[in-house]
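Asker: Turn these sequences into a full structure, and let the hints steer you where they fit.
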Amino acid sequence: MSLILRRCLGVLAALVLLAGVAFAQSEDLDYGAWDEVATRAEQVLGDNDATDSALEGLRQSVVDWRERFLSGQGINAPRIDTLQAQIDALGPVPAEGETEPEDIATRRENLNAQLAELQAPGLRAQEAYTRADGIIRQIDTMIRTRQTDALLTLGPTPLNPQLWPAALEEVLSAGSSLFDEIRRDLASEVKLAEARESLPLILLLLALAGLLVIRGPRVMRGFGERLRASTRRGTGVWRFFVSLGGILVPLAGVMLLVAAVQTSDLPGTQGSELLQMLPAWTFLLLYIRWLAEQSFNRDPEVATVPLADRQRTEAWLYASVLAVLFVLRDVGETLGELYNFTTATMAVLDFPVLLLCALMLFRLGHILTLLREPQAEGEETPPPSLRQQVARLLGRAAMLLALAGPVMAAIGYNAVGDAMVYPAIQTLALLALVLVLQRFVNDVYTLVSGKRAEDSDSLVPVLAGFALMLLALPGLALIWGVRTADLLEIWTRFREGFVLGDTRISPTSFLTMVAVFGVGFLATRLLQGGLRSSVLPRTRLDLGGQNAVVSGLGYVGIFIAAVIAITAAGIDLSSLAIVAGALSVGIGFGLQNIVSNFVSGIILLIERPISQGDWIEVGGNMGIVKDISVRSTRIETFDRTDVIVPNSDFVSGTVTNYTRGNVVGRVFATVGVAYGTDTRKVEQILRRIAREHDMVLMNPEPSVVLARFGPDGLEFEIRAIIRDVGEKLNVLSDFNHMIAQRFTEEGIEIPFAQRDIWLRNPETLYDRARATPPAPATQDPEPAAAAATAPQGAGRDPSAGISETHFVGPEDGGDGR
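Residues in the sequence shown are numbered consecutively from 474, following the numbering used here.
Rather than coming from a laboratory, the hints here were simulated on the basis of the structure.
Only true hints are included.
Lysine to any residue pairs mimicking SDA-like chemistry, simulated, CA-CA at most 20 angstroms apart:
no. : residue 1 : residue 2
1   : K1099     : P1119
2   : K664      : I675
3   : K1201     : E1190
4   : K1154     : E1222
5   : K1099     : F1071
6   : K1154     : R1181
7   : K1201     : H1166
8   : K1099     : S1121
9   : K1099     : L1009
10  : K1099     : S1024
11  : K664      : S737
12  : K1099     : T1114
13  : K1099     : I1117
Answerer: See the structure below:
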């Protein structure tokens, strides 16, 4: 783990160095010195006897030169552009056999000579850049080949018992050497005298170290509990900082302890080197335990990995054991470097630690495969989320590596075994750190906004989590063996950009383009808002015209902002002509409907046959226009549903606009009266009803017509112009209420449908009726007699809608109809 930290620090330092080189002003290039460096590098590559560290140092020197050459390629660029523009202004070069005026030819020759002279430094820098880039690629290939050979080298197996005595002897010899050195230092009167002189300072440092190491964690936990009890918002943020104090406070105590021992000057050379590693080992131990505490905390709101209580405790225990094992492994590597242990001894010492780490990794991977999202009791188990699927995949991969790593190390491929187990553990630790930091970002968002990140629709927490994953990618690459130089090479290629036509697009150019477009887009939106709220409402334009102006301004503004941004980035728009021509073919065949709708949308915005708020009918859909965009128009029907209509339907189809220009419209109200009613009286009543309504206009005056002689009655129509056609249904309802009231007062009958029923075989029903004995009379016969003598149709229920039917049987002289 400490190796990864050192690599990360190396990456940061190299990035700072590259940034300084990138932003430094171009200086004169000493190509003589460069030739010496390049020749020496090519000779080293040919001999193939330099160490990896020497190759890395040589590579860094060549990288510095390559950065200078990259900057040198832009020398005299403004002057070159000016000269090229001057040459183009002179016109095309005469074809073979043609001539041009002598002064133009002389001027063209002079300008071409100046252009060649100015282009020479850039071309030389480009040639040197190519040579440097080739050397760097050769060095990288050689180092990767060596790493592969070292990884696949078969070494001694740690299971060979013959190696154990020698390994034990080397370890005892190292311990004896360290013990003898400490004993000699303690027996030295000079060092004891120096220690006595510094005794007050040493005691003070020891006291502070003991206080921070022993009492510090307890004090930080108590402070965190009091802080949580006294604050309502930001609990997660304060809890995170307090948890960091649980790492920093004991680490500070260990550093004071090391300072106290070094102040005494008692430890010798070997002891001092081990003491210098003690803070790193302490940090490694505290960091892994902190990650375990944050990931598998007993409090579900703190834990970043949702597990059951038993599994959470088990995972925390395995992570704590891994922390101790990682420290032991680093101690073994430090002792091996300090006392020059043999390869066999290192394999024997590392195998037990590797085996225990693989066991812990296997158990953690198994727990990850059982990961479940928390759910309420009684709820159905939801399908696995993406997070669960990734966790299970990682768990299975960890279990596989935990099984294969010790097997490979037992065979003798110790490097392969280490490369399987330890990077897998470091990967889990890195992902755990990402989850902890993501939870911290969510807590900060909750503190600032007052809303929980899980319940908020904001993209801030999601983008923050995505950014954390991107930042974790370099660390993940370092864990799995990628060299720091490889990451720096990727960064260099990214800064160099890519070539588009004759233009090189760099990240700086891209950021410039994004910034310029963002400013233009923001200015367009501000101008649209000002017109919509301040300027256009004071003009005579209707709402549809105002929306058309605002929309058109938005499209034009965005187009202009895009053109200015591309130009500011240094992209030659003329180089995109071929691409635009190819795209036009695709547009003609595959995007013709989209282009048709786009053009139709522009026509709608310019001609404005419909406007926002109009009541229209198109394609069988009727409703109010709510929004007109470039591709489609949104209509809200009277059922409160949205209908998206392509703009081409408005241009090529038939559209009925009920409120175009004004909202005045005509209504028709139809009513029928019974035959025999005074038609002039009905006409006067209906005309009076229409005139009395406040929505009806008197110019033109409403009219009442006897429209037709219907099958059930006389049909009249009220035709009136109303002020707002949107109130058509309300006006018709009012007309009907008034008609029902006035007709009742005047005794005018509204007819209903009447039908006669004819029976095809009435004798069957007649015979059945005669066969049935009559029921005893239980009521007064007079009403029945009165009903029998009443005229046809009298006394019937008008609501029945069917007239009374008289049955005439054969015995009565009828024909059965």
